[in-house]
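> The primary structure of each chain is shown beneath.
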Amino acid sequence: MRLLEGKTGWALLAAIALVFPLFAQNNYLISVATQTFIMAIAALGLNLITGYTGQFNLAHGAFMAVGAYTVGILTVDHQVPFWIAFLLAGCITALLGYFVGLLSLRLKGHYFSIFTLCVSYIMFLLIEKWESLTHGPVGIMGIPSPPGIGPLQFGTPLSQYYLVLAFLVLGIWIMARIVRSLLGRSFMAVRNSDLLAEALGVDLMRTKTLSFVLSVVYAGFAGALYAGQVRFLGPDLASEVVTFDLIMFVLVGGVGTLLGPLVGTVLVTYLTQSLQFLQDYRMVVFGPVLIALIIFLPDGLVGTWLKRRARRADARASAQQAATAPTVAAPPEGRSHA
Amino acid sequence: MELFFQQLLNGLTVGGVYSLVALGLTLVYGILHVPNFAHGAFYMAGAFVGYYFMTKLGLNYWVAMAGAAAVVAVIAMLADRLVFHPLRNAPELHDMIAAIGILLFLEAGAQAMFGADFHRMPTPYGQIVEVFGLTAPLQRLLIIAGAFSLMVVLHLFLTRTVTGSTIVAMAQDPKGAALVGIDATRVKLLVFAISGALAAIAAVLYAPINLVYPAMGHLVITKAFVIIILGGMGSFPGAIVGGLIIGLAESFGGFYFSTDYKDIIAFVLLVVILSFRPQGLFTPKGARA
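Sequences listed follow chains F and U, in order. Start counting the first sequence at 824; every next residue gets the next number (our numbering). Start counting the second sequence at 2; every next residue gets the next number (our numbering).
Calculated directly from the structure, the hints in this document are not laboratory data. Glycine included, C-beta positions come from ideal geometry on N, C-alpha and C. None of the hints are false.
Computed list of lysine to any residue pairs in SDA-like fashion (alpha-carbon distance at most 20 angstroms, straight line):
1) Lys-952(F) to Ala-216(U)
2) Lys-931(F) to Val-272(U)
3) Lys-931(F) to Phe-277(U)
4) Lys-1130(F) to Ala-91(U)
Per the computed footprint, the stretches of chain U lying under chain F, defined by three or more beta-carbons under 8 angstroms from a beta-carbon of chain F, are:
5) 89-96
6) 102-111
7) 221-232
8) 252-264
Chain F extracted, bound-state conformation (with noise of 0.2 angstroms):
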């Protein structure tokens, strides 16, 4: 179990994403892989303003389509080069977000979700209509994937594969450094109590807003990557089944937690191709496993495992107080990350 934690950890898992492609039969399954770790990018995002500073937002899919429209209306229709049309995806909804946030941060608990829930439906009724520019229910086509950068070429799904993989790498590094930083000891003071963290000296409207543009750039990026990978959008992207699935996958993995997303959007993704008989019904199973998940394993698979740890570790801490000296209190538990 050693050899999983930290950073040997992260090697091991980053070197068999590297060697992945060679024991996958076909090209469906690199490009079924490429697009879980697309989901897993927004996953990750959803799980910083949702895990880590505690709203429960329900837009993250509208974010994750505005950022894939951007790319498609861009690349499509003003012909605008692919990378750069991918940096203004980024660009346009963190702007996006920060008003959103602006508005819906201010609100608490429920009436936040509920709020997000009504965002999320103005941008896909906005998408679904809006034929001018979004082309409506046709949704938009002939997308190009990405060009080469320099040597790079990534027109084969091999190489799409590798891009995407790059970039969830980069994805994670940078959510690494987030969690870890005081601006991520900020977010989690916020959800743990908002009150507490405000007497704390933490600015709470810039901090959520922050976590919030932040968690919606991972989603805007991740709808650009699926535009040049599926190369097709239409306005069911935006509808919130998606923001569903990412849920389902946050929660599988561990809310919360550095790994969680990955392995849930993995685990979740896997699941869903085995059960490929079901099709539309899969809901049929994952809902209810879903709901017993959130009763008997409400941390998810990476969340509980590392709850077990620190109980463990705990537990031999107090053991080897009572076998030394009983004088010194033991250090407060810390929250690890995975």
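On the provided structure of chain F, position chain U as indicated by the hints.
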């Protein structure tokens, strides 16, 4: 002028349906403090059960409606027992996610049984009638009459009967209600049953002039949320008034501005209102934010 009354009629029809759905939602919120995202799925389930009873079993419209109400009431009670009850001490995030789980399950279940297609529910009341020189489809008048009489019945039940009073007491002060010997578990079950039945009746009333399909609850439930935020989470009169406001706003907005964007009106209204009053329009004092 006739067009104006036409819109008024449409607004009252849709508003009545919204009010019924919002009433169920607000009842559950008042007792459990859970935004029940699965409520839209209850609504959808009601429409499908009614559709099944009418087309496959050949039952009368009213019997089908009563059957749908009963079936969905049972589904709602099961949801409470199997899902919300075990989660009563969990953080609110978990309730919300569990509600989404119920929603996904019911929707996929409906799709598995009836397919993703649109169905049309038959009605014995398809004729057009003339009231005060204005023509109106009978089904629309039926919806208005049905919705409003149901609201009156619910009001009488909550204020005039002991069982109804226990619900109100629980909503006002759960601890106090427990102190005077009200069984919280039973009241919650009852509230879920009523809320499911209301959603089912609303669906069977509205389905003949709309369509029946697995995703039909989405827009209705999001609008019902807008309504109960407008009317104050947990407030019964608020749900009724809010439902009518949204129904009329959509009807007139769709007519005078653009039918394409009529579904957005409710949400834009919410965004504008919450931007100025983050606590909701008529949120009562002491309500949980």
